[in-house]
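Given only the sequences and the hints, what does the whole structure look like? Please build it.
So the protein lines, in turn, are chains A and B.
According to our numbering, the residues represented by the first sequence are 1071 to 1721, in order.
According to our numbering, the residues represented by the second sequence are 175 to 524, in order.
These are computed hints drawn from the structure, not numbers from a lab.
Be careful, since some hints might not be right.
Cβ-Cβ distance ranges computed for the label pairs, FRET-style [to be verified]:
{"hint": "1", "chain 1": "A", "residue 1": "Glu1135", "chain 2": "B", "residue 2": "Val524", "range": "27 to 33 Å"}
{"hint": "2", "chain 1": "B", "residue 1": "Leu308", "chain 2": "A", "residue 2": "Leu1573", "range": "23 to 29 Å"}
{"hint": "3", "chain 1": "A", "residue 1": "Asp1157", "chain 2": "B", "residue 2": "Asn498", "range": "44 to 50 Å"}
All of these numbers come straight from a predicted model, not from anything done at the bench.
Where is the CB? At the ideal position from N, CA and C, for every residue including glycine.
Spelled out from the first residue to the last, the chains are:
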Amino acid sequence: MSTVIESAETDGASGSPKPRKTLPAVTIRFAGDSGDGMQLAGTQFTDTSALLGNDISTLPDFPAEIRAPAGTLAGVSGYQIHFSSNDIFTPGDEVDALVAMNPAALRTNLKSVKIGGIVIVNEDSFSAVDLKKAQYTANPLEDGTLGRYRLVKVPIDKLNAAATADTGLGAKDTDRCKNMFALGLVYWLYGRPLDATLGYINKKFAKKPQVASANTKALQAGYNFGITTELFQEHYEVPKAKLASGLYRKITGNEAVALGMVAAAHLSGKELIYCSYPITPASDILHELSARKNFGVMTFQAEDEIAAMGAAIGVAFGGSLAATGTSGPGLALKGEAIGLAVMTELPVVIVNVQRGGPSTGLPTKTEQADLLQAMFGRNGECPVPILAATSASDCFSALIEAFTIATKYMTPVLFLSDGYIANGAEPWLVPDVDELPKIVIHHPTAANDEGGFMPYKRNEDGARPWALPGTPGLEHRIGGLEKQDVTGNVSYDPANHEHMIHLRAQKVAEIKPAGSAYLWNGPQSGDVLLVGWGSTYGAIRAAVQQLTEEGVSVASCQIRYLNPLPEQLGEMMKRFKHVLAPEMNLGQLRMLLRAKFLIDVQGLNKVRGQPFTISEITRGVHALLRGNLNGHMVSVNDGPAPQIEAINDEG
Amino acid sequence: MSTATPSTNVLKAADFASDQDPRWCPGCGDYAILAQTKKVLAKIGADRSKTVFISGIGCSSRFPSYMNTYGFHSIHGRAPTLVTGLKLAQPELNVWMVTGDGDALSIGGNHLIHMIRRNVDVKILLFNNRIYGLTKGQYSPTSEHGKKTKSTPMGSPDMPVRPISIAIAAEASFAARAVDIDVKHLEYVLERAAKHKGSAFVEIYQNCNIFNDGAFEYATDKLTKSDTTLYLEHGKPLIFGKELDKGIRVHGMNPEIVRVKGTNDPQGPSLSSSPADDLLIHDEKAENPSLAFMLSRMRHPDFPEPLGVFRAVDQERYAQLVRNQSVDAVERLGKGDLQTLLRGSETWTV
Chain A
1071 MSTVIESAET DGASGSPKPR KTLPAVTIRF AGDSGDGMQL AGTQFTDTSA LLGNDISTLP
1131 DFPAEIRAPA GTLAGVSGYQ IHFSSNDIFT PGDEVDALVA MNPAALRTNL KSVKIGGIVI
1191 VNEDSFSAVD LKKAQYTANP LEDGTLGRYR LVKVPIDKLN AAATADTGLG AKDTDRCKNM
1251 FALGLVYWLY GRPLDATLGY INKKFAKKPQ VASANTKALQ AGYNFGITTE LFQEHYEVPK
1311 AKLASGLYRK ITGNEAVALG MVAAAHLSGK ELIYCSYPIT PASDILHELS ARKNFGVMTF
1371 QAEDEIAAMG AAIGVAFGGS LAATGTSGPG LALKGEAIGL AVMTELPVVI VNVQRGGPST
1431 GLPTKTEQAD LLQAMFGRNG ECPVPILAAT SASDCFSALI EAFTIATKYM TPVLFLSDGY
1491 IANGAEPWLV PDVDELPKIV IHHPTAANDE GGFMPYKRNE DGARPWALPG TPGLEHRIGG
1551 LEKQDVTGNV SYDPANHEHM IHLRAQKVAE IKPAGSAYLW NGPQSGDVLL VGWGSTYGAI
1611 RAAVQQLTEE GVSVASCQIR YLNPLPEQLG EMMKRFKHVL APEMNLGQLR MLLRAKFLID
1671 VQGLNKVRGQ PFTISEITRG VHALLRGNLN GHMVSVNDGP APQIEAINDE G
Chain B
175 MSTATPSTNV LKAADFASDQ DPRWCPGCGD YAILAQTKKV LAKIGADRSK TVFISGIGCS
235 SRFPSYMNTY GFHSIHGRAP TLVTGLKLAQ PELNVWMVTG DGDALSIGGN HLIHMIRRNV
295 DVKILLFNNR IYGLTKGQYS PTSEHGKKTK STPMGSPDMP VRPISIAIAA EASFAARAVD
355 IDVKHLEYVL ERAAKHKGSA FVEIYQNCNI FNDGAFEYAT DKLTKSDTTL YLEHGKPLIF
415 GKELDKGIRV HGMNPEIVRV KGTNDPQGPS LSSSPADDLL IHDEKAENPS LAFMLSRMRH
475 PDFPEPLGVF RAVDQERYAQ LVRNQSVDAV ERLGKGDLQT LLRGSETWTV
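Printed below as a string of structure tokens:
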């Protein structure tokens, strides 16, 4: 990534100018204890880089424990940022520069650093006790462990303490500014201005001037240290990316989901009520929407997952836009009530921000293993349309599409995101509200039949009328018992039951997408078609680009509408010699594709709580082309199974 | 499907009947409750189009099908969640929830507690028959200890819950009890509930003549009921007995049955006597729910079981509180502008 393309600029701000090299793209990672403020350092670096005009993609990676014991491997929190002068689609395969605040952070993150990459360590935190907590038997700063890297030892504790000494704060408070020192140093290293972060500090600590001053001094001291120290011989810049012109902002997937909900309320002219129970990694949607009460949005923090789904059904019955959000274990709890929404044919959008499973699994890590749960995780024949967002920013439009489908076809809709795009950030071309598609909703006010109002009399889309309580003359009863066609009265008639099963299945099967059913990259035929869904889009797309440059005949199809699957997909897959499905599960999409289209799809599967790197996919394609298959799967490592490290290794 | 009765005219009880015939067992207590509910709706001038009945699963939960209003027969135990969502969407609707002892207190116990503590504006009719009827006769959370049923051939090892104790512990703003066949009193209690603003919890003793016949015979039998039940009246002393010769006095933290001074002692010398002034005066509006809770603990055969309104206090309602926040937010921040929100705080131009 960081090939040097030109050199010999100098740093005008420095008394002793150091050469400045221009790089097309860089990946850095901040790593430290979960109390070290690494997430903040990472988001500040991201904001600054976005404002500079880089393309960005981020990967926050933190433990499930809020504060695991300090200094231990379990407590390491990291934030990776890929910033570039080109279009990028992933947070970066390998790290060009790592900041490690303690030995545990070094140990868990070093293997991500490319050979020859920069490793900045806080040398003040490498005492014998610190090393022991990280299960190091020898000091890696001295034993040659880091021989293949450009090691930069910085006494961050001491320098930070000196910089903040005259702020009047105690040592405990000034120590908390260490992340700003590290950030300042990295800002210098990559030629970023301090303004945005200084602005953030002043706003955040407006009522605590001493704290603001300490953070400011730490940030500046870190920057100045870069200028004056002999440890760095050069520094770098990454020019602006050539993105489509327009107004941009940074956005995470969870933010985009929340904004999509506010927009759906606006576009339908309705209130939106979001019913949810706190769960990682979906809770930020609830937080974001709770702060939007002046937008016709209400939130209901339910007593449990089931209540959240039940309340959403009540909201939909009452005629407002209804949504709930959760993660895999919560979706399991909602299953029965989702069936009720299918039976009563009411529009509810259910957001599932997938995480590592089964059971509690890996709450803060990403995975795509809920696809089959989304498809089939309910009793009876219970079809639910499924959309999967392909990136953080795609969550916005996909969410609006989900409401369009839900209200047009009168059905619950499952919206799949995952921990990776939920927390990862990227630039977003801010849409013009006037150009967003309206969500057109009709509520009947008069009987639809000579015999009176028939709640299950369908329109040409197979949708039943959305008649609201409070409407005179349309009084009717619905519920979870099987319905007689048209009248909606309870019916135990065998033929009617089968007829209704078919009607519900047909309604979902014939849904027309409200946006792109899939995203295609590359030629229409060739040797390999990569078929993916959801958040793997970036890595797959970047892999196609690389493989094409290498001369491989490859294309990709990222499916956004997973139920119903695009009908033409079968024909499209047949135009390739091989079809490979990279997924962060053991082959759930592959199973669906094989079942529906009778095509011999192969799998490239990774279930480690981490997104695919680009090279894992390119290696997988090469393995496939060499015929290196294990059953129907190729290994992401293109070789023996990965070694499971004996230590408790979060990286 | 609906019938075409106009909902604007003055309606009679019969106008609230749907075109579906009730399918409860002949002799079931549910019929009496259905009849009184329709009567009360007519009496209070309810608008069919603005009235919604929501239920869970169980015999009682068939109720909405028989009402010519809006209705939702949901899933087991979850009716409170639908009620809460519906009231958030449309706070002005007149919502009734029909449930049973299994639906409300076993599978749906969590939701019931939380709906009541939020004081969602809903009338809750809990048909307590102390048995699972729809699944043909297993013991329920209100079945008495030792109860022999299909699933407890050696007697139930469970201790029963007391529905009104649960409601009061959940901060109920209204809690009452009635008996299915005591139709005049049932009508009174339902009317009180209908007029209450907030969660109005009504436990109705309902006889399941198939699987638990006679469960409340002590409270319905003409010969015994004046000694086994006690009608609560706000501001009046707690007096019961055929001759109104017994009363309830509080002794320490406990209720105690006393003979009202000046009356004959039908129970013999075991009862102490007390002047009427010393009897417990019922106060349904008491802010402190302790006395109402104490009344909810009084059980046959140790005490007469109180009927009527245990508690009726005015508390803020959930949907209003939620919507007030929206109004406040608009007042403080102005009506949200979507374009500004999408733009966010930090932007750059390419």
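Practice item. Just pull the numbers of the violated hints for me, sorted ascending. Key: Violated: hint 1 alone.
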